[in-house]
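2 protein chains.
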Amino acid sequence: MSPTFQSQNARTGEILPGEFHEATPHQIDAALRAAVDAFRTFRQTSADKRAQFLERIAAGVEAVAEDLIELADQETALGRPRLPGELARACNGARMFAAMVREGSWVDARIDTALPDRKPAPKPDIRLMHRPVGPVVVFGASNFPFAISVIGSDTVAALAVGCPVVVKAHPAHPHTCERLAAIVKDAARESGLPDGVFTMVHGRSHEVGTALVAHPATEAVAFTGSLRGGRALFDVASKRERPVPVYAEMGSLNPVFLLPRALVARGEQIAEGFVASLTLGTGQFCTNPAMVLAPHGASLDFFLSEAGRRVAAVAPASMLHRGIHQAYEQGVNRIQALQDVLVTARAAGADQSKCQASAVLFETDSETYFKHPEVLREEVFGPSSVVLRCTGQADMIRFAESMDGSLSATLHGTPEDLAEFSELIEVLQTKVGRLVINGYPTGLEVCPSLHHGGPYPATTHSHFTSIGLSAFLRFVRPLCFQDVPEMLLPEELRDSNPRGIWRLVNGVRTQSAVAS
Amino acid sequence: MSPTFQSQNARTGEILPGEFHEATPHQIDAALRAAVDAFRTFRQTSADKRAQFLERIAAGVEAVAEDLIELADQETALGRPRLPGELARACNGARMFAAMVREGSWVDARIDTALPDRKPAPKPDIRLMHRPVGPVVVFGASNFPFAISVIGSDTVAALAVGCPVVVKAHPAHPHTCERLAAIVKDAARESGLPDGVFTMVHGRSHEVGTALVAHPATEAVAFTGSLRGGRALFDVASKRERPVPVYAEMGSLNPVFLLPRALVARGEQIAEGFVASLTLGTGQFCTNPAMVLAPHGASLDFFLSEAGRRVAAVAPASMLHRGIHQAYEQGVNRIQALQDVLVTARAAGADQSKCQASAVLFETDSETYFKHPEVLREEVFGPSSVVLRCTGQADMIRFAESMDGSLSATLHGTPEDLAEFSELIEVLQTKVGRLVINGYPTGLEVCPSLHHGGPYPATTHSHFTSIGLSAFLRFVRPLCFQDVPEMLLPEELRDSNPRGIWRLVNGVRTQSAVAS
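Protein chains in written order, with the working numbering: chain A, 1 to 516; chain B, 1001 to 1516.
These are calculated hints, taken from the structure and not from any lab test.
Using N, Cα and C, we set each Cβ at its ideal position, and we do this for glycine too.
Hints are not guaranteed to be accurate.
Partial pick of chain B residues on the chain A-facing surface, computed with a CB cut under 10 angstroms [claimed, not checked]:
(1) Arg-1043
(2) Ala-1327
(3) Thr-1368
(4) Gly-1443
(5) Arg-1509
(6) Ala-1513
(7) Val-1514
Straight-line alpha carbon distances no greater than 27 angstroms define the calculated BS3-like cross-link-like pairs of lysine-lysine that follow [claimed, not checked]:
(8) A:Lys-431 <-> B:Lys-1239
(9) A:Lys-371 <-> A:Lys-431
(10) A:Lys-431 <-> B:Lys-1371
(11) A:Lys-239 <-> B:Lys-1239
(12) B:Lys-1049 <-> A:Lys-431
(13) B:Lys-1049 <-> B:Lys-1185
(14) A:Lys-185 <-> A:Lys-49
With the hints as extra help, turn the sequences into a complete structure.
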């Protein structure tokens, strides 16, 4: 028998009944073999069938939403209204991809028709569209038990385009994962799809993750989590005889820049919004604003007192699990130990035995940052942020140029501020995946324009996003058809355009049939 | 002083006057620092300016086309009409990207407008477009001194989108590279662009390539060449503290399947076309058909005699350089040493001192292939191909399922053949980047629908192509703008759509302005 583990109530530490087995090498191999078998038919299923599959998942989840929310709340302590909102987002995500698949233009069809009489050589007929890559391994994240886990963006994006999925359940919420997996399996069966389109395995050990990534049938990997975890999987995949992409989203600092006029005019309002963003979900977001840069002076002092007052008043809350809580405490202690870093404010009353986090706000100056970049540039996952007193734009630019890749950067500024700090804004655009003006980095709007990615270490490949409509691009590759007769072409590439999709025909974007 | 090397006449081995220095670590660092500096302004240049730059490169090359062709012919022995054709293709490529940049829709602009009154939370304004990643390192290929070298697809695609380029000249045609680089530098100067947008360095040692890929400022790498070379660079990039993508195109077997009715009906014609494809450019194409699979029997015997007769009559020709010639001889010898592999035909008269290759055709059966896959699945770069006698479709499917990723697969079949072999065709689609029916894999049609890529080891990332309009995708990443005021947005994302490009606005594809 393989080793087992149990889940805990995230608030009380109480062991929940039931146990989970570490997946054995044999089970991992069986999951991927089943995925390979399923791929043979799944890649050829109709758009309608795949869309129905996704809609059945959404409906199945909604049908037992209350149970799922209660279960997830026990395992994650994320509470309400967060969990109902996240469940709705996950179901909306499945339906968004269902709609994308039904509409059909996602295949990026291109057609260049033949010119048999062209000199010196005839031009062949060339057509192109996206096809699924094959079995995808998805690692669920701890902090989104619905939206970045078993039924999250990675899974539904891969299923949408016809890739079978093997999910590695997150060991911090295995009961929630089990319930969700059962719903996906039911939906597959009801849709007449082979079982191998979806398999879930459990595991807390590195061996399980490594074996999934190293398996020769794995074609791509999606991961959301820590830099250490993501990089380890990336390294396994890169060293394979046949390397495969690991699309890891590993969080970032998400710096917030307070520009002088906005700081004077709206210091209190920004402090309120900032602290709300920092402490939302006990700060357990990849887009959590872990650093603030602002010009030193009286306005910043006022901001610090306003933000500090609010941070001090944040009620302690249990973090997702013991490991995250320990890492948070260690991260906070590392910062606190630095010379010339002050604790502006720290919430009181955290019960360590319940893995509760105290929100904390630090302050220091940019000079200190450049003395200890190795500590201060590291993301502390949780409700902690460091405010850097800056001397001016040059100082902020120096920070921006030296910073690691980040999912986002945010600026608060009046129109005059933004015009004055245009050079800073330019530099930030080379470092981040998303630029936010007068808002906050948390709270992703899931839509075609969303990009949740960025240069390393925010992600392992800045071309791709893990959230939003474009998330499917990680799981497709173009397939080119040269002089392939109409009867052998996929519907999307036939002259008549039976699906009425947008295509690029001889360089022109159109929904029309190919003129014969 | 760094070590130097000289170039040779590829036909005679004669040393050409002039010498080239291995780039020193200092020169490599200087090239990438200059690229970083240039990126600051280059990424913000207008589409028109970048398009003019590319057009100046094309015009500059055409102005001295005869000189360049003569020089390249000395260094590569590729001769006429190949070199004039390739030069024209490279210039067309530069102009194709200039046109793409001028038209502007390549940025894949997406706009989702705000809904400030939405409940429970307001919807922000989100906009997205592609932006350049930064400095790109391009490794020129030996076999395309114009179209996959200094002014090749990698370079012009990167420059088109605003990425500075550092080219590593191919040491087998350094004089040609120098002439081309001077033209690109002149074009940059005439276009008012900083020198750092384009730098070329020389080197024969692994150290130069490694240093370019390992340099912290390098954001992406493009390479066309051997599996060994490409994988080595991929490994260097994957082990960096901050990994970057290496887009390596490393060639493949490009199997050709002869289906029974077509083999009966058109055996001689296919033999003629096949041998022409096999021996074109002395077989030095990534898409060279290195394996043929066909049902055993009298029709295949006839095909073999027809193809063999033609192969035997191919005039020996000098290969690109000594290293490639040696590798070819070794590869041919490895195959010839296998038991149960016969030499069907071999061209005579090759002068080894001139690095001339003899075209060679082998035959064996599929059983032998499965006994020695490690030898027979390896691409032999040059005019060598192996014909496998198969027992039927199941045998071909077994081969297809076991084969490595390939740039292409080709089938010759009547409509009845293609219907009968539909399962084989399905399997091949999971293995290749391009499916060719009743044609030949060599001779790429450069157009929006072309995909020159495929699963590993054909390339290191099957989502991307190194040739064709989509080649630029390797050098861009999406940048998302949340609630960014109109005045700070790039033109492509402004409400009025001043460039008139295609955009996805609130889910609808349109060239219209955003309704206010």
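Going down the list of hints, with the structure as the test:
no., hint, verdict
1, Arg-1043, "holds, 8 angstroms"
2, Ala-1327, "violated, 21 angstroms"
3, Thr-1368, "violated, 23 angstroms"
4, Gly-1443, "holds, 7 angstroms"
5, Arg-1509, "holds, 5 angstroms"
6, Ala-1513, "violated, 17 angstroms"
7, Val-1514, "violated, 12 angstroms"
8, A:Lys-431 <-> B:Lys-1239, "holds, 21 angstroms"
9, A:Lys-371 <-> A:Lys-431, "holds, 21 angstroms"
10, A:Lys-431 <-> B:Lys-1371, "violated, 51 angstroms"
11, A:Lys-239 <-> B:Lys-1239, "holds, 10 angstroms"
12, B:Lys-1049 <-> A:Lys-431, "holds, 24 angstroms"
13, B:Lys-1049 <-> B:Lys-1185, "holds, 15 angstroms"
14, A:Lys-185 <-> A:Lys-49, "holds, 15 angstroms"
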